[in-house]
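Peer 1: Now for the letters of each chain:
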Amino acid sequence: MATPSCLRARGGHGVPPLQLMQVALRILGILLCLFFIQAAARFGLSRMFTRYALITNSIPAADEAVRISPSDPEAHRARAMVFISQQMPAEAVNSFETATRLRYRDDYLWIELGNTREDFGDTEGALAALDEAVRWAPYYAHTHWQRGNLLLRMGRSGDAFAELRKAAAANPAYTPNLIDLAWGISRGDLKTTEALLENNDDAHRLALFRFLFAAKAFTEAYEVSHPSDRLEPSLLNGGFEEPLVFNDAGFGWIIAPEQKNHLAIDISEKLNGAKSLQISLDGNWTPGTALLSQTFIVKPGKTYRVSFGVKTKDLVTGGPPLLTVIDATNDQLLAKSANFPTGTTPWARLSMEFTTLPASQAAVIRLQRSNCNSSPCPIFGTLWLDEFSIEQTQTVKN
Amino acid sequence: MNQKRRNGSRVIAALLLFSIAQISLQVGLAEPNNTTNSTTIPQQLVGRLTTRNNQPITVNGLSANTGASILSGATIETGADQSATVTVGPLGSVYISRNTKLVLTFDEQGNLKALIINGCATVTAKKKATGEIATEQGSVKKTEPAAGGVLKVCFPETAGTPTNGQTAGHGGPFGLGTVATVLIFSAYGAEILVPFIIFQRNPSHSAP
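From first to last, the protein sequence lines stand for chains A and H.
Heads up, the first sequence is in this note's numbering, so the first residue is 1 and it goes up one at a time.
Heads up, the second sequence is in this note's numbering, so the first residue is 399 and it goes up one at a time.
For the record, the hints were derived by calculation from the structure and aren't laboratory data.
Even glycine gets a Cβ: it sits at the ideal position worked out from N, Cα and C.
Do not take every clue at face value.
[To be verified] Ranges between beta-carbon positions, derived for each pair: (1) Gly536(H) to Pro70(A): 50 to 58 angstroms; (2) Gln87(A) to Val501(H): 53 to 61 angstroms; (3) Leu413(H) to Asp229(A): 50 to 58 angstroms; (4) Ala338(A) to Thr438(H): 52 to 60 angstroms; (5) Gly536(H) to Ser374(A): 40 to 48 angstroms; (6) Gly288(A) to Val501(H): 46 to 54 angstroms; (7) Cys33(A) to Gly459(H): 55 to 63 angstroms; (8) Asn200(A) to Val501(H): 32 to 40 angstroms; (9) Ser268(A) to Thr438(H): 58 to 66 angstroms.
[Unchecked claim] Computed list of chain A residues with no C-beta within reach of chain H, every gap over 10 angstroms: (10) Asn94; (11) Gly114; (12) Pro138; (13) Gly155; (14) Pro172; (15) Arg187; (16) Thr192; (17) Leu206; (18) Ala217; (19) Leu334; (20) Thr355; (21) Asn371.
[What the hints assert, rightly or not] With the Cβ distance kept under 8 angstroms, some of the chain H side facing chain A (calculated, not the full set): (22) Ala462; (23) Thr464; (24) Ser467.
The shape of chain A in the complex, shown without the other chains (with noise of 0.2 angstroms):
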């Protein structure tokens, strides 16, 4: 075998060419090795200014982030995030814009840059920096939430609500934002919120109603609910022959939930129809809380009358029950019934009066107590509901 010229210049005494491969790679991994730890020092240590200068806001802690390592777009970020807390958004903007060119596929990173361009007055930048926001992340809600939110600032309100309808398509969680904006926008107009929402599902319909109920717009909320009828007042399954269902919010019975096990549908006992409800009462029941309720439309400045049948059997309470009206806007009693009879008593109706207000909507009546005397106060017996009408008697006159 031929001995290389350069180990033959060592008098042949040279190391075997293969040792000496070896020792270059191990000197070359050890070089690898230096060059990773120092790289790796300097992005760790870029990574602490990063934070540092996030925490206290510091400008020279977020240079110094930047300077150590250049090309880390999150060192950028946070130099812009620390510039926006310094109220310098054309320097933030710069900065975005960095971070935005080394890792331009983060959404998030462009909706910050969006923002800030927005903040410094340039809603145009912005539109365009919540575009590429969009075009990488297309199928996620946020991106869309936001783009249809600056184009709702800017006065586009058509292409916004597009957007945000896209939003709450991709993540339901937006839909009552959604629905809010919508509201708010068409300044509490059921049409014109319905046009904006385009509706064209129960589920939907169904979180219209929900939020219209909960903003105590009752009116638009039964027109949601009940489309097809005529907007006068009734109450709901007001002799029990349909099954009872447990709403939180709506305008059927509403039962406290800590009550059901002692109401039920009882088919042995009516004074009409086929059933009534039966109200089973073992010691609890706190009074002045409602343990059965329901809120109805009323037209405002008109006065009704709530008929009801009530029977009871070994009635024992010193806080007897009662029915009460009261506004569902303000909470404002309107007519409270005499105490149901106590002991044991045959089928008998009550009824009572009430005048809503001059901006009522819709009023709640509820079962509940009289106030005892002395506390505790339990209560033992049964007692049984039915037949509950609603009428318009008169109109107040001014």
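Once you've looked at the hints, dock chain H against the given chain A.
Peer 2: Frame of chain A; chain H shown alone:
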């Protein structure tokens, strides 16, 4: 023969007309829907929400984040570790401190009003706008449109003071705190010294 030819021409012409009508109909049907909603909405001012550290706050009982639109009449609520600013373009801005609930109203006539239910708020009104802070007891402070200005109110007064969300410095050259500064400089020194020791080279650039 001529009659036959004439009839043939008529049939061809009729067929051609029918075909064109069909194409027109198809093109008409294939026209894309106008995606822009035709609903007319009166132009109105819309504010923009910026939350501290992009933390969500509550607007009208719903979670809202930086970039959300704020309409006049919105009820805004911040939690214990949250604060936010609502910018209403030509009118100014309202800074909402932590643990604050307020109702924000504004209009095209230049009125920017924060009705504080509880907590602290700072209204910064631009010139030609009227900034106002009110509580349930009535108007507390108001700016003049000619001058604009900054109003700061806490309600009840024991609620605290607006902080504008800026953390005070902690000392040290960067305001990082003494320990943090020592740590950073130790790490930075190590970063400089490591290549110097290993490679025996000057870490500074050869040319200024």
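Peer 1: Could you check the structure against the hints above and give me the numbers of any it violates, in ascending order?
Peer 2: 2, 6, 11, 13, 15 and 16
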